[in-house]
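K.L.:
Residue numbers (the working numbering), protein chains in the order written: chain A, 1 to 240; chain B, 1 to 240; chain C, 1 to 240; chain D, 1 to 240; chain E, 1 to 240; chain F, 1 to 240.
Treat the hints with caution; some may be incorrect.
Said to hold, decoys possible - Below 27 angstroms or equal to it, Euclidean Cα-Cα: the simulated DSSO-like pairs (lysine-lysine) are:
no., chain 1, residue 1, chain 2, residue 2
1, A, K232, B, K189
2, E, K219, E, K232
3, E, K219, E, K67
4, D, K228, C, K233
5, E, K16, F, K233
6, C, K159, C, K189
Keep in mind the hints are simulated off the structure, nothing from the lab.
These figures come from a predicted structure and were not determined experimentally.
Number of protein chains: 6
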Amino acid sequence: MRILVVNPNTSEEMGKGIDIAAKRYANPGTEIVTVCSRIGPLSIESAYEETLAGQGVLERIIEGNKKKFDAIIIACFDDPHLSAARQISEVPVYGIAESAIYMASSLGYKFSIISLLERMLPAVEELVNKIGLNSRCASIKMVEIAALNTKNDQNSTIKALMESARMAIKEDGAEVIILGCAGLTSLDKPMEKELGIPVLDGVVCAVKTAEAIFGYGLKMSKIKAFKKPEPKKFVGLHYF
Amino acid sequence: MRILVVNPNTSEEMGKGIDIAAKRYANPGTEIVTVCSRIGPLSIESAYEETLAGQGVLERIIEGNKKKFDAIIIACFDDPHLSAARQISEVPVYGIAESAIYMASSLGYKFSIISLLERMLPAVEELVNKIGLNSRCASIKMVEIAALNTKNDQNSTIKALMESARMAIKEDGAEVIILGCAGLTSLDKPMEKELGIPVLDGVVCAVKTAEAIFGYGLKMSKIKAFKKPEPKKFVGLHYF
Amino acid sequence: MRILVVNPNTSEEMGKGIDIAAKRYANPGTEIVTVCSRIGPLSIESAYEETLAGQGVLERIIEGNKKKFDAIIIACFDDPHLSAARQISEVPVYGIAESAIYMASSLGYKFSIISLLERMLPAVEELVNKIGLNSRCASIKMVEIAALNTKNDQNSTIKALMESARMAIKEDGAEVIILGCAGLTSLDKPMEKELGIPVLDGVVCAVKTAEAIFGYGLKMSKIKAFKKPEPKKFVGLHYF
Amino acid sequence: MRILVVNPNTSEEMGKGIDIAAKRYANPGTEIVTVCSRIGPLSIESAYEETLAGQGVLERIIEGNKKKFDAIIIACFDDPHLSAARQISEVPVYGIAESAIYMASSLGYKFSIISLLERMLPAVEELVNKIGLNSRCASIKMVEIAALNTKNDQNSTIKALMESARMAIKEDGAEVIILGCAGLTSLDKPMEKELGIPVLDGVVCAVKTAEAIFGYGLKMSKIKAFKKPEPKKFVGLHYF
Amino acid sequence: MRILVVNPNTSEEMGKGIDIAAKRYANPGTEIVTVCSRIGPLSIESAYEETLAGQGVLERIIEGNKKKFDAIIIACFDDPHLSAARQISEVPVYGIAESAIYMASSLGYKFSIISLLERMLPAVEELVNKIGLNSRCASIKMVEIAALNTKNDQNSTIKALMESARMAIKEDGAEVIILGCAGLTSLDKPMEKELGIPVLDGVVCAVKTAEAIFGYGLKMSKIKAFKKPEPKKFVGLHYF
Amino acid sequence: MRILVVNPNTSEEMGKGIDIAAKRYANPGTEIVTVCSRIGPLSIESAYEETLAGQGVLERIIEGNKKKFDAIIIACFDDPHLSAARQISEVPVYGIAESAIYMASSLGYKFSIISLLERMLPAVEELVNKIGLNSRCASIKMVEIAALNTKNDQNSTIKALMESARMAIKEDGAEVIILGCAGLTSLDKPMEKELGIPVLDGVVCAVKTAEAIFGYGLKMSKIKAFKKPEPKKFVGLHYF
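Chain A on its own, in the form it takes in the complex (with noise of 0.2 angstroms):
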């Protein structure tokens, strides 16, 4: 199968960090291909932020669909315009949250989120409320280093990082980690190894669950929540 990974911002280095995270672990007949948005935000890091990045995302979804891609993967945490992405797409569209969440949800009873930047924190709790699993969420732990520090300062992001892990652990009964930012995908191995426990990067999770859907024949319902815009006057945006 050929999936269509689409890094919502427009950071080239950010982008090459997710290819190479969505090709460790894809099976040997799916074929990979991140782009990253033409348009907008070199991080998304913010509610505005996201909302810029919009313009951008849509048009890899449309240009994913016309390329004949069999998936689609927003590899952003706050999964970032993943209804509009479904709506306007034929093909099935994953987010990493979701993915990310769902998959830790079978692997322990609950699960903790680390990811980046305080300011963020009530974004990802709306998230998880929307995807429903609140229940299983043991924690959402914010570290404070914005995501394009994260290789730069990559020593001092793992102990950070290490640190939160081992308190959502402890204190607040967690057994799966998420690491809640496209950034951070490198680290879910060596983490893995030192916490004993699943640590899962959604960039992987979004592209086995691609290949898992798409082996068993299925596509998205496009009866309600995702069914196809109507055709629709657009004023001022190239391309649409």
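Please build the complex by placing chains B, C, D, E and F on the supplied structure of chain A, with the hints as guidance.
P.N.:
Below, chains B, C, D, E and F without anything else, positioned relative to chain A:
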């Protein structure tokens, strides 16, 4: 006080209706200015269109702040891009769904929302859950008419809305009706007269809420969910 | 418009504080009249005292309707006898907790309530659940000072409130503070100044809500939860 | 043991029915004394009447403690003033709704409540939420007959109740029926016989619960929610 | 009445403790017979052992029905196989967790459960959710002692339980303590004396609940959740 | 990878159907071995039969671990003994309900479950609550056909399922259908074709989930809910 009302689509006609609604019950000292998005869809009837309305809305929010408005209203019942707008704004931003739902909950134990297009039902349900008052929501009922056609075909619009409202009262226990679309804004009082219970138009609710909160000298909390985004590089987006 | 503010206890001193609070931010055209219950407890700090405040409150509600007030506020944070008052009243009746909680939820994602006396915590928790916004409530914190002593010992009152508020912000994620007692009504703005986030006094919130809803020409729904009681024989109760 | 049953209204006739119900299934060693409120409404069918029943109920609670009863029951399905009574009482106080709901939940997965007057539905729904077993409540159904008329018109009362119960079983999945009014107390066994599932009268449930808890030597927790109120000045209320 | 108490493990020693507990507060006319499972694990401290206790429990339930007991109690805090037992039984079957949780909720606003072994916490949390009273549960606290060791090391058991109970009261707002293990059954009154709040042993709660419901002449609802299974072929299982 | 599929009943015929289903969409490199329980009921259609299926299931789980399978699936829609199996297993164990519910939630906003026998409805409702996605469940519909008869009477089975599915779509808002019985496993694609929305068979969902998680190199979390039980004495149970 000065309130900027942003019609987040590019339909001047809908903008005019919103402007009339917003001014109808404004306090004498309240100056209302209504603008439409310069770019984006002609109406918002899907998550897809909501996403593509984002840039146009945020431009208007930023302008509203530059022009020293005291409050800003996003006049579409999905409260599109409300969190993003609140982050980028120094002055309070209000959604018409949120305002209507809070106001309704002071006037009866259960409210029902009558909105347009069955396909939007999941989005409205998610919105009520996010606002947090699902326990007070008797039902959400959708009438199968496109927003832009409500004026053309006003008689059948009213008839369909009244039928839904009466069912909501009789079968679901609704005590207050919320009109779930900025295109239905003039129908509140005629329906209220016939039904004998409060019928709320969210545009008016938001104006009155903005005045109330301004009158108390309150500002938004800017420390977490609505914290100002850090400066960031944007690629290919004018204004940002 | 004319608003009757009912202090549901018999403390004239607390009534004066409430009157000042209610008038502070009222619109120019709003006439505020504050009365205390003629019979009942000197303050309400238990369900027991709340029950015994009932008759006094309802007498004032009935008088308020006879004297053609446009709205009535019950100025105690438990919103005592609010449903009863709404049933017997033709004009809208507002609780200060309900009004503050709705207003807070427009200004931040999570609010905390700082109130008095640990023994009241279950009642406040039940109230928030009943209003329906428990998902937006970061925490309820109680300071161990009796309502009637808050004036005598204002310094230690403020100190204790500030400490609780700071903990609510830091540990619980509070973005807005609600002062959960009609005896704390003057402390909103001093605390707001220091904390840098909105601090809401319910009395003001209720006045502004009453004005907003009156300005929209809305009445309460009288068809079900707040339906007028049938005439009925009462034994041994004056006025009823 | 000695149980005081308080009919919180002033209807001697309803008091007699409650007394019979309370004694029907009491243990041989249980002495039941039933009293009506001396002051207050003739029946409680609104929040307004509930409020005005408060003083009469609390007088009886205080008397019950002075006369060394071992437990007290408030025999009205809204559990009116239960928290207040528990605060002022040293001995356990039981509500008939609470007792019936807990007992029902041991006998089937889902229960339905059949009560009187549509206008009371919001109050019953709030009560079930407050007790916390809304997840076990299949439905709440209201029959449009006033409590004081149930005796006069017993045939049509039974017919209406049976119809509601059968619908609750068939459509809502009810496995246990709770009669939601102290005026229906004699109908449990006749209905049970016809329906073939448990039909619970709350008065009996409360008596049996009181005996069970007394038999275990348990008292109420008096440290927080039901903590004894501090002495306080009351204005214009006899007895307090 | 005659109650069969089934210790669902094969520890005769634990069976004896349960028997003493069950008889302690039984009514004079109540005959208690306690039996242990003939086959199965020596104690139940995991879902694995719970599953393997199933056959032994059901044998005893079937025997209890043949021997015309009036009610049956499964005396293990996980309420193991309660639904199965209720389906195969004509007479009511009670779980000790369910009984304790309902009884606790009549005595205080919030209860805490003190049980054994951290690994069981998810199971207890799921049980409280299933029973439906999670909103009344202040906390679940686990003490790291194996059930079979509680007698050997009674001093350190009591000390650890008291410490957990005090923390539950102080930090979590517990007003009632439930002892979450049939091996702790004798510690209720000693702990109650020291803590000054009700401490409930589920075995006693179930006996008192069984007596209460029997005294009202009630049976289980057998129409849906607890409907008798159809006859079916079993392979390789004695007794079935 | 090698997956052991355990049919938890003793019906070889149902085992064959499950085996076919499990192999239908498996990856080329996946070896599927399906076994039935050696002891236990011929089908599981009650909690009673579920309990008695326990020993047979756990034997197969233990064998599966000894024989070095990479994952194990329990192929019955109640996910019977899933926690127990996970505790005793080193390799991941999957339930078919859990897998189907997570997969469905990626393909539409709301799913409905169509299962067999009205008496099982409470169990399925409890299961959905336990999994945590009740907010995404549009409805649970039961068709009154015994599992072992679905093959004999395939036409009327399909007809009844299709009718339920169409009602779920039209009245409840279902966008995805889950077939809630391992005996319905071959009907997914025929129904999908007619309904035009995804129809999921849990057996396939579990196989695809097992492959996905194996492909990512993940194991279960063994630190708390699924921690390995301590060695313990069992009386009278072979194998344990």
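K.L.:
Determine which of the earlier numbered hints do not hold for this structure and return their numbers in increasing order.
P.N.:
1, 4
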